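Residue numbers (the working numbering), protein chains in the order written: chain S, 50 to 281; chain U, 1426 to 1715.
Mixed in with the good hints, there may be bad ones.
With beta-carbon atoms standing in for the labels, derived distance ranges [stated by the list, open to error]:
#	chain 1	residue 1	chain 2	residue 2	range
1	U	Q1485	S	L179	43 to 53 Å
2	U	E1510	S	L105	50 to 60 Å
3	U	M1560	S	Q255	14 to 24 Å
4	S	S67	U	I1706	23 to 33 Å
5	U	K1587	S	A210	51 to 61 Å
6	S	Q255	U	R1619	26 to 36 Å
7	S	T126	U	I1590	45 to 55 Å
8	U	K1700	S	N211	35 to 45 Å
9	S	S267	U	D1493	52 to 62 Å
10	U	K1583	S	T107	25 to 35 Å
Keep in mind the hints are simulated off the structure, nothing from the lab.
Because the structure is a prediction, the values reported are computed rather than measured.
Ideal placement from N, C-alpha and C gives every residue a C-beta, glycine not left out.
Listed below, chain by chain, are the residues.
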Amino acid sequence: MNILKEKELPLLQFNKVSWDLFRLGEQSLLLQAPFDIPIEKIHDSAKLIKSVLGSLLTDIVPSYNSIALFHSFEESTIIEKLSTARGISQKKSTPIQKVEIPICYELGLDLEHVAEHSGISQDEVIDIHLNDTYRAILIGFTPGFIYMDGLDERLACPRKANPRKYLEFGSIGIGGEQTGIYSLASPGGWNIIGRTPLHLFDYKKQPPMSVEVGSEVSYVRITKQEFESWGS
Amino acid sequence: MGKLKVLSVGALSTIQDEGRFGYRQFGIPQSGAMDISAMQNANHLVSNNPEWPVIETAIQGMKLEAIDETIISVTGAVVTLKINEHQVPMNASHQLQQGDILTISKPMGGVYFYLGIGGQLRANKDFGSYSTYIMAGFGGMEGRALKKGDILETQGGKPFKKHVIKQGTKPSMTETIRIMKGPEWKLLKDLPERTIFQVDPSSNRMGIRLIGDPLGIDGKEILSSAVIPGTIQLPPNGIPIVLMNDCQTTGGYPRIGKVVNEDMGRLSQLNPMHKLRLKIIPLEEALEKR
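Please work from the sequences and hints to get the whole structure.
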């Protein structure tokens, strides 16, 4: 099936990865890597794109194996800038941001359900959850939602059949084998095991989010009293 | 300067401007007026800057009272406009006196109408835009739809000047909506333009669902990846969904194409069950029209 002969976009060599190049929109390009590309390489490449394109870049959306970039310039110039930027990838990558997030398990609406589903006690769920570190791999779906990997497989628990219409900001949930944080109040179908008092998404800050993709996240347990008096 | 009080309103009136840009990386949708040119016309008629916020209303009508002298205009979907008991034309500027009642009927053709108010509307500006995004409570009137009793107040603005514009042409029996190829175009087994689709009545600011014969596709889902307003997703049932202004920032269905920016407003104004054809156009043409 060939409808229109048109110039295909070239394969793009960038940051030692060979990317398929597509158009997402009139002023948006999608760089797509093989599905098994390590997520670090995506995050690393997104940072590199920011530094190469500077103010020509108006937005960027990295995901599992692709990076969408939004630009305000001639497409050919953008592609050329990226394809000639290979050299920069030699430099040392920036250190990974580490974030400690306080969590109150007493506010975990579904802690009991997760424990039952896993066939262990609630204390064991908490121990396992506290013991691991997680990595922010994607921000999206709803404003400020942080998808993370690193969840111990014993804690995996299917999403709820009936999503809740309202979850408080800072709700920390498990959806299947993934875990994530609802930075802002929103509807949601994940099992909530705890809540953080941190406003991870703050309208007034620039950038508004204190966790970025690639950040390493670890949790520190706080009591309900500490939660309630947080920041006061 | 102007001041209006909402006397009655449906559930679907929100403050919108051209949208929110640069915040997809935080999962924040674009939002903004569904029919940008109608929104800009509403501003033009009341001598505002084209990008200033206006009131967008879908499907239902509304009634307002002028608390002060206020310059207004109504554009977009075809409605009947009355100042007190007198019918006045849409697509024109009007000066309301204190106590005047403005009644706007529900649309009789098209979906979204726009109320322009002379001056700059007092509203929440979040992430660089006044556009309301209800799900997260951003922008506009406290991040929500308008309700009875709300006061719409503007500051500044120019003196009244009579402006008129022509109503756009009616959509044809089968509208042609131009698209460019998307990242998963190659997975398609059928040409989209062979199918005549209809607009599903469940369409809204997040997406326009289509009704029609399914398109064949190889493979079902992709790893979650970026989507934008205009992206045409093809779920496993083979019936395309065109994502619109309030769509999420990532999605997991193949993106077979994208409606060109210039046709987004026209698409948004198609009534439920209206027929349309998705026509692929050469990329160079799409890029010229951006």
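Here is how each hint holds up against the structure:
no. : hint                           : verdict
1   : Q1485/U <-> L179/S: 43 to 53 Å : holds, 51 Å
2   : E1510/U <-> L105/S: 50 to 60 Å : holds, 56 Å
3   : M1560/U <-> Q255/S: 14 to 24 Å : holds, 23 Å
4   : S67/S <-> I1706/U: 23 to 33 Å  : holds, 29 Å
5   : K1587/U <-> A210/S: 51 to 61 Å : holds, 59 Å
6   : Q255/S <-> R1619/U: 26 to 36 Å : violated, 49 Å
7   : T126/S <-> I1590/U: 45 to 55 Å : violated, 36 Å
8   : K1700/U <-> N211/S: 35 to 45 Å : holds, 36 Å
9   : S267/S <-> D1493/U: 52 to 62 Å : holds, 57 Å
10  : K1583/U <-> T107/S: 25 to 35 Å : holds, 31 Å
The earlier numbered hints that this structure contradicts are 6 and 7.
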